[in-house]
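**Q** Residue numbers (the numbering used here), protein chains in the order written: chain A, 2 to 435; chain B, 2 to 435.
Just so you know, the hints here were simulated from the structure itself, not pulled from any lab data. Misleading hints may appear alongside valid ones.
[Stated by the list, open to error] Calculated lysine-lysine pairs in the DSS-like style (CA-CA distance at most 27 Å, straight line): (1) K141/A with K33/A; (2) K370/A with K164/A; (3) K156/B with K10/A; (4) K10/B with K163/A; (5) K10/B with K210/A; (6) K33/A with K370/B; (7) K33/A with K33/B; (8) K163/A with K33/B; (9) K210/A with K33/A; (10) K10/A with K210/B; (11) K10/A with K178/B; (12) K164/B with K33/A; (13) K178/A with K10/B; (14) K289/A with K319/A; (15) K178/A with K163/A; (16) K231/A with K216/A; (17) K216/A with K163/B; (18) K370/A with K164/B; (19) K164/A with K164/B; (20) K10/A with K164/B; (21) K163/A with K370/A; (22) K163/B with K10/A; (23) K10/B with K164/A; (24) K178/B with K156/B; (25) K210/A with K10/A; (26) K289/B with K370/A; (27) K421/A with K410/A; (28) K33/B with K216/B; (29) K164/A with K33/B; (30) K370/B with K10/A; (31) K141/B with K10/A; (32) K178/B with K33/A; (33) K141/B with K289/B.
[Unchecked claim] Covered, in the sense of this in silico footprint (three residues per stretch, anywhere, with C-beta under 8 Å from a C-beta of chain A), are these stretches of chain B: (34) 8 to 19; (35) 170 to 176; (36) 307 to 321; (37) 360 to 366.
This one's a predicted model, so the numbers in the text were calculated from it and none came from an experiment. Beta carbons are placed, not taken as given, at the ideal position from N, Cα and C, and that holds for glycine.
Number of protein chains: 2
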Amino acid sequence: MQITEIIRKKRDGESLSEAELNFFVDGFTGGKIPDYQASALLMAIFINRLSVDETFWLLQAMLNSGEVVDLSMIPGIKVDKHSTGGVGDKTSLILAPVCAAAGVPVPMISGRGLGHSGGTLDKLESIPGFRVDLDLDHYKRLVGESGLCLIGQTKEIAPADKKIYALRDVTHTVENKSLISASIMSKKLAEGIDALVLDVKTGQGAFMKTQDDAKELAEMMISIGTKMGKQVRALITDMNQPLGSHVGNALEVVEVVELLQGNCTPEQQDCLELSLLLAAHMIVLGGKADDLDQAREIAESTIRDLSAFAKFKEIVAKQFGDPSALEDLNKLPTADHVETLTAETDGYLGMLDALAIGKGCVLLGAGRKTLEDVIDPAVGVIVRKKLGNPVTTGDPLLEIHYNDANKLKEALPLFQSAIKIDPDPVEPPSLIKK
Amino acid sequence: MQITEIIRKKRDGESLSEAELNFFVDGFTGGKIPDYQASALLMAIFINRLSVDETFWLLQAMLNSGEVVDLSMIPGIKVDKHSTGGVGDKTSLILAPVCAAAGVPVPMISGRGLGHSGGTLDKLESIPGFRVDLDLDHYKRLVGESGLCLIGQTKEIAPADKKIYALRDVTHTVENKSLISASIMSKKLAEGIDALVLDVKTGQGAFMKTQDDAKELAEMMISIGTKMGKQVRALITDMNQPLGSHVGNALEVVEVVELLQGNCTPEQQDCLELSLLLAAHMIVLGGKADDLDQAREIAESTIRDLSAFAKFKEIVAKQFGDPSALEDLNKLPTADHVETLTAETDGYLGMLDALAIGKGCVLLGAGRKTLEDVIDPAVGVIVRKKLGNPVTTGDPLLEIHYNDANKLKEALPLFQSAIKIDPDPVEPPSLIKK
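Generate coordinates for the entire structure from the input sequences, incorporating the hints supplied.
**A** Structure representation (structure tokens):
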């Protein structure tokens with residue numbers, strides 16, 4: 002088999018076989034196929050696409066490039082959630098303890114912030130002492146003991162994905178549904194899960210800008226996940242405005258604690274709602290409820306009786322974090338300064354651009370512009386009005402938490418451009434699209 | 002300007018600007034853009050194509066990556082010919098001395114054999130002592146003194162093309178009309194020519210298999226050449242059977258000498274005809290005749306009066322070759338053995354597959370399978386019947402000149418498969434398609 006012939010086939014829009022996709026993934030991961038041939042093939046794949054079968058074979062090859070964790074000795078149906086990335090999306094930190102408290106084991110291997118969207122690992126690391134770099138044995142033990150564990154991708158997990166992703170990143174071959182699906186699923190299936198709930202974001206602040214794109218991506222992931230013998234469900238949800246009220250690493254942990262303690266402001270309603278809905282799907286998949294209504298009730302009860310909050314404190318402690326920081330939120334990193342943007346006119350909030358707010362937070366230091374950047378866990382924003390809310394001149398709209406006046410100066414125009422007040426009532430977007 | 006954004010634009014089928022194509026060519030040639038980004042862009046270009054303007058800008062950037070020879074101090078309109086490559090195509094060696102003898106300077110920088118097709122440089126080097134590695138000053142001097150010079154691409158000529166071609170070769174992005182056109186024209190225009198005649202081959206033995214492909218390629222080269230202020234003409238010619246009778250390096254020099262001496266067998270008629278036609282176009286472009294008929298008469302006269310043969314001997318001597326080898330052909334390399342394929346039945350020659358014969362000659366040692374292979378100048382075939390000729394059982398069809406019995410064994414099935422005798426009369430293909 003020759004890589005040049007594989008390139009030619011996909012260049013001419015022909016289908017690749019399982020053996021050919023294996024040959025590519027093995028050869029590239031093993032260093033036998035050079036970057037320049039891999040990038041030519043990835044571009045041909047990007048433009049001429051992969052079928053469901055080809056995507057499935059690619060996923061399989063990528064999954065088998067590394068270790069697939071065996072959690073079969075842990076009782077129960079292991080369920081995880083994956084989101085395609087958004088702004089203010091801290092649902093993982095809520096639904097993981099909720100499901101674990103409901104008896105559904107959640108083995109969760111997450112990523113870091115990517116572009117304007119935040120990452121679960123970065124949020125967790127804002128809790129003093131919290132470690133996401135546990136090895137796979139440690140991970141297995143905690144899933145068994147506590148019903149959840151939240152770590153980062155180890156070198157054993159899908160090394161092919163790491164290498165392919167790095168090349169896609171510098172050759173503009175990222176936004177392809179097959180490549181995205183195979184990448185996500187290869188990491189998620191390596192965790193040792195039995196079932197997966199996908200939260201595919203759509204809108205301004207999402208990687209999939211249109212609902213059709215989001216639907217196609219969701220269908221591809223469901224198809225290839227099902228072929229792998231896993232139960233996969235997907236929700237398509239709104240990412241035009243940030244989810245909940247807090248954006249930024251420690252700030253999002255604050256919101257998580259507030260919600261897990263049963264305190265929910267109107268601006269946080271969407272975040273709580275989505276977390277409970279995703280958790281309910283996971284509880285059904287985990288076999289702990291017969292239907293969504295029953296599952297939803299179970300999820301809510303873990304918040305009411307604080308068992309989810311207790312579970313969160315438990316896993317923070319087990320992953321070397323300081324659980325007292327979740328009781329006394331002043332122990333979390335806090336920014337030195339707050340600048341508040343207020344309404345300059347009466348009306349209704351007509352725009353709260355998640356993309357601009359996400360990019361603004363990156364400029365404040367909440368995310369990375371290059372891989373080497375060190376994150377400032379304290380900075381971010383708190384949203385005080387959401388889309389459709391009536392506003393009166395002088396109302397606080399956005400609290401900007403910052404440490405560096407120069408960075409604020411850089412980010413301020415983005416935040417200002419993110420907000421628009423309309424004179425007429427504005428219909429808020431529906432959270433759940435499908 | 003960022004290469005990733007340039008990749009994205011072409012990936013999405015958008016047009017690239019002159020500045021963007023310059024940025025790519027300069028950056029890649031200068032080593033600032035890595036191979037893997039260049040190959041992703043080349044694949045996007047291959048699939049989504051370049052417009053005439055984009056191809057022109059690419060050509061310009063590639064041309065300007067190196068030296069453009071200035072021949073303006075040499076009087077006359079400098080004209081060259083380029084062929085897209087065929088089997089048995091020795092027209093360059095005929096028309097160059099014909100045109101030079103007719104007073105049209107021919108500055109010719111040629112290539113080596115590529116795949117199954119022969120290369121002018123390899124043919125010339127079968128003449129004892131002949132050197133194709135003269136530097137550009139030497140080249141200029143000989144064009145001035147003798148009206149022609151036949152050398153290989155120097156490192157100063159279009160270095161961008163060398164680097165881009167090497168990458169295209171290993172990423173299956175060769176057969177794209179814009180990339181081919183820019184590559185050919187960047188080398189040809191660097192020679193210092195004022196006008197160019199293109200011989201675009203079509204058929205079994207050509208890189209362009211269909212006449213439509215050949216026409217599109219010809220149109221692209223004419224368009225971008227004209228934009229560069231050059232006079233460009235193109236002929237589309239047949240390459241289903243080998244051109245003339247001899248295939249192989251020294252063997253083709255033998256045929257050239259025979260034709261330049263005014264001796265032409267029926268099997269060589271097509272080669273002489275095409276050489277005279279191309280030369281006639283060059284003589285018109287070179288301003289030495291008002292129309293093709295007059296130019297044709299001039300070309301024929303240089304053969305009749307042996308002035309073209311004298312010119313050939315002159316340039317062979319000036320390029321350190323032994324001109325006496327052209328008088329006494331035994332001084333050229335000859336193969337030790339000859340194996341003759343004869344007709345096994347009566348009928349008409351219905352197939353004389355140029356591709357199979359070209360590949361067979363490569364196996365005998367007339368061409369290279371890898372860049373490191375050393376050519377055997379003596380081996381090749383002599384065609385004794387051409388398409389449409391009546392044949393009788395026992396007639397010699399193909400004389401195989403070989404030195405290595407193992408190589409003959411390898412090549413023989415190809416030669417056998419190249420020939421088919423039909424019971425009914427066969428219409429020979431027309432040599433000139435357009």
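**Q** Does each hint fit the structure? Answer for all of them.
**A** Quick rundown of the hints versus the structure:
| no. | hint | result |
| --- | --- | --- |
| 1 | K141/A with K33/A | 33 Å, violated |
| 2 | K370/A with K164/A | 20 Å, holds |
| 3 | K156/B with K10/A | 34 Å, violated |
| 4 | K10/B with K163/A | 25 Å, holds |
| 5 | K10/B with K210/A | 18 Å, holds |
| 6 | K33/A with K370/B | 22 Å, holds |
| 7 | K33/A with K33/B | 24 Å, holds |
| 8 | K163/A with K33/B | 24 Å, holds |
| 9 | K210/A with K33/A | 37 Å, violated |
| 10 | K10/A with K210/B | 18 Å, holds |
| 11 | K10/A with K178/B | 18 Å, holds |
| 12 | K164/B with K33/A | 22 Å, holds |
| 13 | K178/A with K10/B | 18 Å, holds |
| 14 | K289/A with K319/A | 25 Å, holds |
| 15 | K178/A with K163/A | 17 Å, holds |
| 16 | K231/A with K216/A | 19 Å, holds |
| 17 | K216/A with K163/B | 45 Å, violated |
| 18 | K370/A with K164/B | 32 Å, violated |
| 19 | K164/A with K164/B | 25 Å, holds |
| 20 | K10/A with K164/B | 24 Å, holds |
| 21 | K163/A with K370/A | 19 Å, holds |
| 22 | K163/B with K10/A | 25 Å, holds |
| 23 | K10/B with K164/A | 24 Å, holds |
| 24 | K178/B with K156/B | 24 Å, holds |
| 25 | K210/A with K10/A | 30 Å, violated |
| 26 | K289/B with K370/A | 65 Å, violated |
| 27 | K421/A with K410/A | 20 Å, holds |
| 28 | K33/B with K216/B | 36 Å, violated |
| 29 | K164/A with K33/B | 21 Å, holds |
| 30 | K370/B with K10/A | 22 Å, holds |
| 31 | K141/B with K10/A | 45 Å, violated |
| 32 | K178/B with K33/A | 30 Å, violated |
| 33 | K141/B with K289/B | 21 Å, holds |
| 34 | 8 to 19 | holds (count 3) |
| 35 | 170 to 176 | holds (count 4) |
| 36 | 307 to 321 | violated (count 0) |
| 37 | 360 to 366 | violated (count 0) |
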